[in-house]
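The listed protein sequences derive, respectively, from chains Z and S. Heads up, the first sequence is in the numbering used here, so the first residue is -6 and it goes up one at a time. Heads up, the second sequence is in the numbering used here, so the first residue is 168 and it goes up one at a time.
Among the hints, a few may not be true.
[To be verified] SDA-like, lysine to any residue: derived pairs with alpha carbons at most 20 Å apart:
| id | chain 1 | residue 1 | chain 2 | residue 2 |
| --- | --- | --- | --- | --- |
| 1 | S | Lys338 | Z | Lys74 |
| 2 | Z | Lys(-3) | S | Ala322 |
| 3 | Z | Lys74 | Z | Arg88 |
| 4 | S | Lys338 | S | Phe233 |
| 5 | S | Lys338 | Z | Leu19 |
| 6 | Z | Lys59 | Z | Ala15 |
| 7 | Z | Lys(-3) | S | Phe233 |
If you are wondering where the hints come from, they were derived from the structure by calculation, not from laboratory data.
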Amino acid sequence: MTRKGRRLVLIGAALTVLGLAAALVLTALNDTIVFFRTPTEVAQRQVVPGERLRLGGLVEAGSVVKQGATVTFVVTDGAAKVPVAYTGMLPDLFREGQGVVTEGRLQPDGTFAADTVLAKHDENYMPREVADTLKKSGHWMEEAQKGRASGAGGGALTQ
Amino acid sequence: MALIDIANPTRFLAWSGRVLPWLSVAAVAVLAAGIALAFTAPADYQQGETVRIMYIHVPFAWLAMFGYSMMAASALGILVWRHPLADVAHKAAAPIGATFTFLCLVTGALWGRPMWGTYWVWDARLTSVLVLLLLYLGLMALRAAVDDPGRAGRAAAVLTLVGVINLPIVKFSVDWWNTLHQPASVLRMDGPTIAPAMLWPLLTCALGFSLLFLALHMLAMRTEILRRRVEVLEARAAEASA
Chain Z
-6 MTRKGRRLVL
4 IGAALTVLGL
14 AAALVLTALN
24 DTIVFFRTPT
34 EVAQRQVVPG
44 ERLRLGGLVE
54 AGSVVKQGAT
64 VTFVVTDGAA
74 KVPVAYTGML
84 PDLFREGQGV
94 VTEGRLQPDG
104 TFAADTVLAK
114 HDENYMPREV
124 ADTLKKSGHW
134 MEEAQKGRAS
144 GAGGGALTQ
Chain S
168 MALIDIANPT
178 RFLAWSGRVL
188 PWLSVAAVAV
198 LAAGIALAFT
208 APADYQQGET
218 VRIMYIHVPF
228 AWLAMFGYSM
238 MAASALGILV
248 WRHPLADVAH
258 KAAAPIGATF
268 TFLCLVTGAL
278 WGRPMWGTYW
288 VWDARLTSVL
298 VLLLLYLGLM
308 ALRAAVDDPG
318 RAGRAAAVLT
328 LVGVINLPIV
338 KFSVDWWNTL
348 HQPASVLRMD
358 GPTIAPAMLW
368 PLLTCALGFS
378 LLFLALHMLA
388 MRTEILRRRV
398 EVLEARAAEA
408 SA
């Protein structure tokens, strides 16, 4: 083997080892790298009330109630639900059926007291007319389902 | 003419001198068309007019990744083939890549504030892109810190290849972990999730910024080659007068 060939093999081997090491570290740290917990995870892990965490999911349709500056809504991932209370400004994208990430503490009564609400938008981009046409022709949910299926990795929330 | 002849620094100066003006004109023309298309593209059904930041944010993000990929290829050229032009290409790409990464982060923050409700969160996508910027800056600092240009180039090449690990992390962070950043809309297995009326302006902008990146890189490589020649001439002159 030539010297160039040897160098190439050496670099290839070093990068493979490095890649494996990185993969192991990232897998081990998976729990800390995820940005938020879904309602299902919160239920399964039996989160201690008072512990600070981020809760992410979809705002359940029809669950938003505003009383003065305080708003309550239900965050769902389709399987489990957590009622959330929040006082403050909501981002523009906050609406029913929209993905949100809330940060706060779980209360002893099972509700979630949030001090931050961030809106999560999906990977679908289209003009308003296209969205209206899709809704009118009844294809809207198909698109949404497609988005959900493809974005499901790691519990990512889409439409 | 074989590839190795084009890669000879003198030949490179000759052919890049002819190509660069055309490349620059093409970059400005395509970029102007792309920006015009971005302003006439329809507003998004959810994000309204704010979606127009996408037409610059996404190309910046792609080129931030492209710049690093190119530096990684140059790093192989430095370490395996010890080619002088690979070293020039590697050194010239770092500040340009760092600038595009920085612009990606800034436009992302300005987009995040109205849409998400925050300039910055420490989710996997945003954090890994910040790491990419730090890698670029670290590579520039490393080159500046070592006096011998040959050793500086080889050290930077090794660090570049180590940092390649970060590229798949940036790309797949939105799929591997849950993040505030949404998953990919264009480069995905099941095809783009952007309406054609918005995809074409985006691709035009991306082509324009790519041509701009290549033109800047070619110019920076020419400057670096000439700077090295001046250094050699100065050293010879100093020797002769001594």
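Status of the hints after comparison with the structure:
no. : hint                 : result
1   : S/Lys338 x Z/Lys74   : 31 Å, violated
2   : Z/Lys(-3) x S/Ala322 : 18 Å, holds
3   : Z/Lys74 x Z/Arg88    : 17 Å, holds
4   : S/Lys338 x S/Phe233  : 12 Å, holds
5   : S/Lys338 x Z/Leu19   : 14 Å, holds
6   : Z/Lys59 x Z/Ala15    : 46 Å, violated
7   : Z/Lys(-3) x S/Phe233 : 26 Å, violated
The structure fails to meet hints 1, 6 and 7 from the earlier list, while all remaining hints are met.
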